[in-house]
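Protein chains in written order, with this note's numbering: chain A, 1 to 122; chain B, 1 to 78.
Mixed in with the good hints there might be a few duds.
[Unchecked claim] The calculated lysine-lysine pairs, modelled on DSSO-like cross-linking and capped at a C-alpha distance of 27 Å, are:
1) A:K57 <-> A:K75
2) A:K102 <-> B:K31
3) A:K6 <-> A:K67
4) A:K51 <-> A:K79
5) B:K76 <-> B:K31
6) A:K79 <-> B:K50
7) B:K76 <-> A:K75
8) B:K50 <-> B:K78
9) A:K45 <-> A:K79
10) B:K78 <-> A:K5
11) B:K76 <-> A:K5
12) B:K31 <-> B:K4
13) A:K6 <-> B:K78
14) A:K59 <-> A:K79
15) A:K75 <-> A:K6
16) B:K2 <-> A:K75
17) A:K5 <-> B:K50
18) A:K52 <-> A:K5
19) A:K75 <-> B:K4
20) B:K76 <-> A:K6
21) B:K22 <-> A:K79
22) B:K22 <-> B:K4
23) A:K67 <-> B:K4
24) A:K75 <-> A:K59
25) B:K22 <-> A:K5
26) A:K6 <-> B:K4
27) A:K6 <-> B:K50
28) A:K51 <-> A:K67
29) A:K102 <-> A:K57
30) B:K31 <-> A:K5
31) A:K59 <-> B:K22
32) A:K75 <-> B:K50
33) A:K102 <-> A:K67
34) A:K102 <-> A:K51
For the record, the hints were derived by calculation from the structure and aren't laboratory data.
Listed here are the chains, written in short residue letters.
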Amino acid sequence: MSARKKILYIQTSGVDAPERTYAPFILATTAAMMNIDATIYFLIKGITLVKKGEAEKIKLGSFPSLKEVMDQAVKAGVKLVVCEQSCQLLGIPRGEFTPEAKIVGAATLNDLALNADAVLCF
Amino acid sequence: MKPKADRTLDCLGLYCPEPVFKTRMELDEMKVGEILEVVADDPAAEEDIKSLVRNLEQEIVDETKEGNTVRFLIKKVK
Numbered sequence: 001m002s003a004r005k006k007i008l009y010i011q012t013s014g015v016d017a018p019e020r021t022y023a024p025f026i027l028a029t030t031a032a033m034m035n036i037d038a039t040i041y042f043l044i045k046g047i048t049l050v051k052k053g054e055a056e057k058i059k060l061g062s063f064p065s066l067k068e069v070m071d072q073a074v075k076a077g078v079k080l081v082v083c084e085q086s087c088q089l090l091g092i093p094r095g096e097f098t099p100e101a102k103i104v105g106a107a108t109l110n111d112l113a114l115n116a117d118a119v120l121c122f
Numbered sequence: 001m002k003p004k005a006d007r008t009l010d011c012l013g014l015y016c017p018e019p020v021f022k023t024r025m026e027l028d029e030m031k032v033g034e035i036l037e038v039v040a041d042d043p044a045a046e047e048d049i050k051s052l053v054r055n056l057e058q059e060i061v062d063e064t065k066e067g068n069t070v071r072f073l074i075k076k077v078k
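Make a model of the complete structure from these sequences and hints.
So this is what it looks like as structure tokens:
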């Protein structure tokens, strides 16, 4: 079997731009369904989406809440990673993130980008 | 003669990405050699289902289109 492909989604938009928040989760879940490894890296304001309690507050139109879409992504095997420096930038302590989101650093982002077959930014 | 479907997945009225998700889930439940019929009318489904099947390394054995409705027969080959 051929090696699994990898897509890295970089999410920089946060709770103040809710219309920009669904795409990475839906795309990453679809990637997982297609046997593609999917990781979402939350950077700058993007980290506000994985702060506990925030995704529940976002619900647009006929879409389910962002929390439901996020849970579906995690269930499908999508990895969530959070930029440590962005946490410091916005003053959000480590313990305030959803448990599925792992806090990582700048080297990890560079490495994820180099190892991915494609990188998409939102 | 067209192959006979072992099961049918009705995706009529569902929008992207639901037909893709449901097709994947259905394929996971099937045995190798079985054929799944997928019926969808979301305009995105026509290309998306093909893309899914290609990535999962399964096989589309028949495809028909009537108006806005596409019908795929997908064989689980592995």
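For a C-alpha distance cap of 27 Å, please report whether K57 of chain A and K75 of chain A respect it. Measuring from Cα to Cα gives roughly 20 Å; hence the hint holds.
Checking one constraint from the list: CA of K6 of chain A to CA of K50 of chain B, max 27 Å. Satisfied? Holds, at about 19 Å.
For the pair we were handed, K75 of chain A and K50 of chain B, check the Cα-Cα distance against 27 Å. The hint holds at about 24 Å.
Would the pair K76 of chain B and K5 of chain A pass a check requiring their Cα atoms to be no farther apart than 27 Å? OK: K76 of chain B and K5 of chain A at ~21 Å, within 27 Å.
With a cut-off of 27 Å on the C-alpha distance, tell me whether K59 of chain A and K79 of chain A pass. Roughly 22 Å between the alpha carbons, so the hint for K59 of chain A and K79 of chain A holds.
K45 of chain A paired with K79 of chain A [C-alpha distance capped at 27 Å]: holds (18 Å)
Are the Cα positions of K50 of chain B and K78 of chain B separated by 27 Å at most? OK: K50 of chain B and K78 of chain B at ~17 Å, within 27 Å.
Checking one constraint from the list: CA of K67 of chain A to CA of K4 of chain B, max 27 Å. Satisfied? violated (40 Å)
Agreement of K51 of chain A and K79 of chain A with the hint, judged by alpha carbon distance not exceeding 27 Å: holds (16 Å)
Holds or violated: K75 of chain A with K59 of chain A, Cα cutoff 27 Å? holds (20 Å)
Does the alpha-carbon distance linking K51 of chain A and K67 of chain A stay inside the 27 Å limit? The hint holds at about 11 Å.
Holds or violated: are the alpha carbons of K59 of chain A and K22 of chain B at most 27 Å from each other? holds (23 Å)
Hint check: violations occur at hints 2, 16, 18, 19, 23 and 26; the rest are consistent with the structure.
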